[in-house]
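Engineer: Quick note, the sequences are listed as chains G and B, same order.
Read in my numbering, the first sequence has 131 at position 112, and its numbers run on one by one without any break.
Read in my numbering, the second sequence has 364 at position 345, and its numbers run on one by one without any break.
A portion of the hints provided could be inaccurate.
[What the hints assert, rightly or not] Heads up, simulated DSSO-like pairs for lysine-lysine below, C-alpha to C-alpha not over 30 Å straight-line:
| id | chain 1 | residue 1 | chain 2 | residue 2 |
| --- | --- | --- | --- | --- |
| 1 | B | Lys-267 | G | Lys-59 |
| 2 | G | Lys-79 | B | Lys-106 |
| 3 | B | Lys-357 | B | Lys-106 |
| 4 | B | Lys-106 | G | Lys-59 |
| 5 | G | Lys-59 | B | Lys-378 |
| 6 | B | Lys-106 | B | Lys-267 |
| 7 | B | Lys-64 | G | Lys-59 |
| 8 | B | Lys-107 | G | Lys-79 |
| 9 | G | Lys-36 | G | Lys-22 |
| 10 | B | Lys-261 | G | Lys-104 |
| 11 | G | Lys-59 | B | Lys-25 |
[As the list claims (entries may be wrong)] Rough simulated footprint, nothing fancy, chain G against chain B, three-plus residues with beta-carbon under 8 Å:
| id | region |
| --- | --- |
| 12 | 267 to 274 |
| 13 | 324 to 336 |
Because the hints were derived from the structure by calculation, they are not lab data.
Note that CB positions come from ideal geometry on N, CA and C, so glycine has one too.
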Amino acid sequence: MTKVEAVIQNSKLDAVKTALQEIGVEGMTVLEVRGHGRQKGHTEVYRGREYSVDLIPKTKIEMVLADALVDKAVHAILGAARTGKIGDGKVFLSRIDEAIRIRNDERGEGAL
Amino acid sequence: MSKREKLIAAGVTAVLILMFAQAVFAQTGGISPSPATDTAARLAKLEQQAADAKSSADNAWMLTSAALVLLMTGPGLALFYSGLVRKKNVLGTMMQSFALMAVITVLWGLFSYSLAFGSGNPFIGYLHNVFLRGVGASPDPDYAATIPAQTFMVYQLMFAIITPGLIAGAFAERMKFSAMLVFMVLWSIIVYNPMAHMVWGKGGLLNASLGGRFPTLDFAGGTVVHVTSGVSALVCALYLGKRLGYPKQPMMPHSVVLSFIGACLLWVGWFGFNAGSALGAGSLATSAFVATHFAAAAAAVGWAAAEWIRVGKPSVLGGISGSVAGLVAITPAAGFVKPMPALLIGLVAGAFCYWMVAKVKAQFGYDDSLDAFGVHGAGGTLGALLTGVFAVSAVNPIFKDAQGNGLASGLIEGNPHQLLNQFVGVATAWALAIVGTLLILKLVDATIGLRVSEEEEVQGLDLSQHGEEGYYWETPA
Numbered sequence: 020m021t022k023v024e025a026v027i028q029n030s031k032l033d034a035v036k037t038a039l040q041e042i043g044v045e046g047m048t049v050l051e052v053r054g055h056g057r058q059k060g061h062t063e064v065y066r067g068r069e070y071s072v073d074l075i076p077k078t079k080i081e082m083v084l085a086d087a088l089v090d091k092a093v094h095a096i097l098g099a100a101r102t103g104k105i106g107d108g109k110v111f112l113s114r115i116d117e118a119i120r121i122r123n124d125e126r127g128e129g130a131l
Numbered sequence: 020m021s022k023r024e025k026l027i028a029a030g031v032t033a034v035l036i037l038m039f040a041q042a043v044f045a046q047t048g049g050i051s052p053s054p055a056t057d058t059a060a061r062l063a064k065l066e067q068q069a070a071d072a073k074s075s076a077d078n079a080w081m082l083t084s085a086a087l088v089l090l091m092t093g094p095g096l097a098l099f100y101s102g103l104v105r106k107k108n109v110l111g112t113m114m115q116s117f118a119l120m121a122v123i124t125v126l127w128g129l130f131s132y133s134l135a136f137g138s139g140n141p142f143i144g145y146l147h148n149v150f151l152r153g154v155g156a157s158p159d160p161d162y163a164a165t166i167p168a169q170t171f172m173v174y175q176l177m178f179a180i181i182t183p184g185l186i187a188g189a190f191a192e193r194m195k196f197s198a199m200l201v202f203m204v205l206w207s208i209i210v211y212n213p214m215a216h217m218v219w220g221k222g223g224l225l226n227a228s229l230g231g232r233f234p235t236l237d238f239a240g241g242t243v244v245h246v247t248s249g250v251s252a253l254v255c256a257l258y259l260g261k262r263l264g265y266p267k268q269p270m271m272p273h274s275v276v277l278s279f280i281g282a283c284l285l286w287v288g289w290f291g292f293n294a295g296s297a298l299g300a301g302s303l304a305t306s307a308f309v310a311t312h313f314a315a316a317a318a319a320v321g322w323a324a325a326e327w328i329r330v331g332k333p334s335v336l337g338g339i340s341g342s343v344a345g346l347v348a349i350t351p352a353a354g355f356v357k358p359m360p361a362l363l364i365g366l367v368a369g370a371f372c373y374w375m376v377a378k379v380k381a382q383f384g385y386d387d388s389l390d391a392f393g394v395h396g397a398g399g400t401l402g403a404l405l406t407g408v409f410a411v412s413a414v415n416p417i418f419k420d421a422q423g424n425g426l427a428s429g430l431i432e433g434n435p436h437q438l439l440n441q442f443v444g445v446a447t448a449w450a451l452a453i454v455g456t457l458l459i460l461k462l463v464d465a466t467i468g469l470r471v472s473e474e475e476e477v478q479g480l481d482l483s484q485h486g487e488e489g490y491y492w493e494t495p496a
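All chains should be built: construct the whole structure from the sequences, respecting the hints.
Structural biologist: In C-alpha cells:
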C-alpha cells in the first residue's frame with residue numbers, strides 16, 4: 020500500500036478528482052491548506068501598511084492506494100494538475116504498513 | 020268652518036309660527052351672535068391643527084433619526100471595527116460597542132441627560148432633570164419647539180452611545196472588558212457630558228444659538244463627538260502601549276467583508292446623525308442630508324485615489340475608510356454649507372485622513388489599532404475648522420442681529436472671526452479630551468488595571484474576556 024499526497028492549485032481540484040475517478044480511485048481526503056514552496060507569496064496593503072503573505076492557499080489530496088493503482092494515479096494527477104508554471108504543487112509517495120476498516124476490522128488492501 | 024274652528028286653526032297656526040320662529044332664532048343665535056369672535060376661534064383651531072401636523076411630521080423624522088443613529092453603533096460600528104481586528108478578538112470588539120448601547124442608556128436616564136442638556140453653568144448642566152424629571156411630551160422650546168422633549172432626549176442619547184464607542188478603535192485587542200466599562204462610564208460623565216453641554220446645552224460656553232461666549236458652529240458633533248473621541252483615542256493608544264508583536268507581527272483585518280457592511284450601515288445611519296440634527300423635517304434637514312451624502316462620496320474618491328496613486332491599487336478598505344472620514348468631516352458642517360463646499364470638504368478629508376493613517380501613524384509609531392484618531396480626531400478637527408470657512412447664512416441663518424436679520428456665518432461670507440471661534444471650540448475639545456482621558460486612564464490603571472495579561476492577549480479577548488469564540492467551526496453534530 021502506498022500513500023499518495025498531492026498538493027495542487029485550488030483551481031485544479033475538480034480536474035484531478037475527475038481524472039482519479041476515471042482510473043478507478045474510490046476514496047480520497049481533501050484538505051484546504053496553506054503553504055509555500057519556491058513560489059513567492061504576494062503583498063497585501065491595509066490602510067497603507069504592507070503585509071507580505073507567503074503562505075498561499077492550496078489544496079491537498081490524500082489517499083492510500085493498492086500498489087497496482089499508484090503509477091496510474093500519479094500520472095492522472097500530473098496530467099490534470101499541470102499548468103507548466105511555478106506553483107503547480109508536488110506529489111509525495113510513502114509506504115503504508117497497515118490499513119484497518121473500522122466497521123468490520125478488515126485489514127490490508129481489502130480495507131482500502 | 021265655524022267660528023270656533025277658525026279660532027282653533029288660528030291658534031294652532033300662531034303656535035306653529037311661534038315654534039318655528041323660536042327654532043330659527045335659536046339656530047341663528049347658536050351660529051353667530053358676533054361674527055368676529057367666530058373667525059378668531061376658527062383660526063385658533065386651525066393654527067393648533069397646523070402646529071399639531073408639523074409636530075407629528077417633525078416627530079416622525081426625529082424618531083426615525085434616533086433609530087438610524089443607534090444603527091450606527093450596532094451593527095454599524097460594531098461590524099466596521101470587528102472586521103478590522105484579528106479573528107480571536109471579533110466578539111470582544113463587537114461587545115465593546117454593544118455594551119455602550121446598554122450602559123450609556125442607563126446613565127443617560129439617571130443623570131447624564133441632565134448634565135448635558137439641563138440648564139446649568141457654561142460648562143455643565145445641573146441636576147434639574149435627573150431621572151428624566153420634566154422630560155415628557157411637551158417640547159423644550161430652547162432645543163426643539165415642535166417635538167416632545169422626550170424625543171429630543173432619546174435622540175441625543177444615541178449620540179452619547181456612539182461617541183465613546185469610537186474610542187474603542189484605539190485600544191482594540193488589548194483592554195480588559197471590566198476596565199473598558201469603567202473607563203467608558205467615567206469618560207461619558209467627565210468628557211462627553213460637559214462637551215455636549217458647552218456646545219449644545221442652554222447657556223453653554225460654545226453654544227452658537229443659546230448665548231455662548233464663543234459661538235462655535237457644530238451642527239451634528241464635529242467637536243462634541245469626533246474631536247473628543249478621536250483625541251481621547253490617541254491618548255489611549257499612547258498610554259496603553261502597542262499590542263504584543265506590533266508592528267513586526269502581521270495584524271491584518273480578519274474580515275474586510277464585515278467592515279464593508281459596517282461602513283455602509285454607518286453611511287446610511289449618518290443621515291439620521293446629520294440630517295436629524297436639524298431637529299425637524301424641514302428644508303434644513305434636506306440641506307444637511309445632501310451635504311452629508313456628497314461629502315461621503317467625495318471622501319471615498321479622495322482616499323481611494325490617494326491610495327491608487329501611492330500603492331498602485333484602490334482597496335475596498337480604502338474606499339470605505341474614506342467615506343467614513345468624509346462623514347466625520349462633514350458632521351459639524353452639514354447644516355451650514357452648500358453642496359459644492361460639502362464635496363470639497365469630503366475630498367480633502369479623504370486624502371488628509373489617508374495621509375494621517377498611512378504616513379503619520381507609521382512615522383510616530385503609535386498603535387492606534389483601528390485608526391480612531393487618524394479618522395475621527397484628524398477628520399473631526401479638519402471638518403470643524405472648515406465649517407468656519409464654508410458656513411453660509413443662506414443655508415442656516417444662525418447668527419442674527421438685534422432686529423432678527425441674518426448675519427454672515429463663515430469666512431467666505433465675510434466673517435473671518437468665526438474661524439477663531441472654531442479654533443476655540445476645537446482647542447476646548449482637545450484640551451478636555453486630553454486631560455479627562457489621561458485622568459481616567461490613570462485612575463483605572465491604578466485600581467483595576469487597564470490591559471489584559473500577555474497570555475490573555477495571545478489567547479484573544481473572545482475567549483479570555485467573554486468565554487466565547489466568534490467562529491467555532493467544529494460544532495459537534
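Engineer: Taking the hints in turn, state whether each one holds.
Structural biologist: Hint check results:
no.: 1; hint: B:Lys-267 x G:Lys-59; result: holds, 20 Å
no.: 2; hint: G:Lys-79 x B:Lys-106; result: holds, 24 Å
no.: 3; hint: B:Lys-357 x B:Lys-106; result: violated, 42 Å
no.: 4; hint: B:Lys-106 x G:Lys-59; result: holds, 25 Å
no.: 5; hint: G:Lys-59 x B:Lys-378; result: holds, 27 Å
no.: 6; hint: B:Lys-106 x B:Lys-267; result: holds, 18 Å
no.: 7; hint: B:Lys-64 x G:Lys-59; result: violated, 80 Å
no.: 8; hint: B:Lys-107 x G:Lys-79; result: holds, 26 Å
no.: 9; hint: G:Lys-36 x G:Lys-22; result: holds, 16 Å
no.: 10; hint: B:Lys-261 x G:Lys-104; result: violated, 42 Å
no.: 11; hint: G:Lys-59 x B:Lys-25; result: violated, 128 Å
no.: 12; hint: 267 to 274; result: holds (count 3)
no.: 13; hint: 324 to 336; result: holds (count 6)
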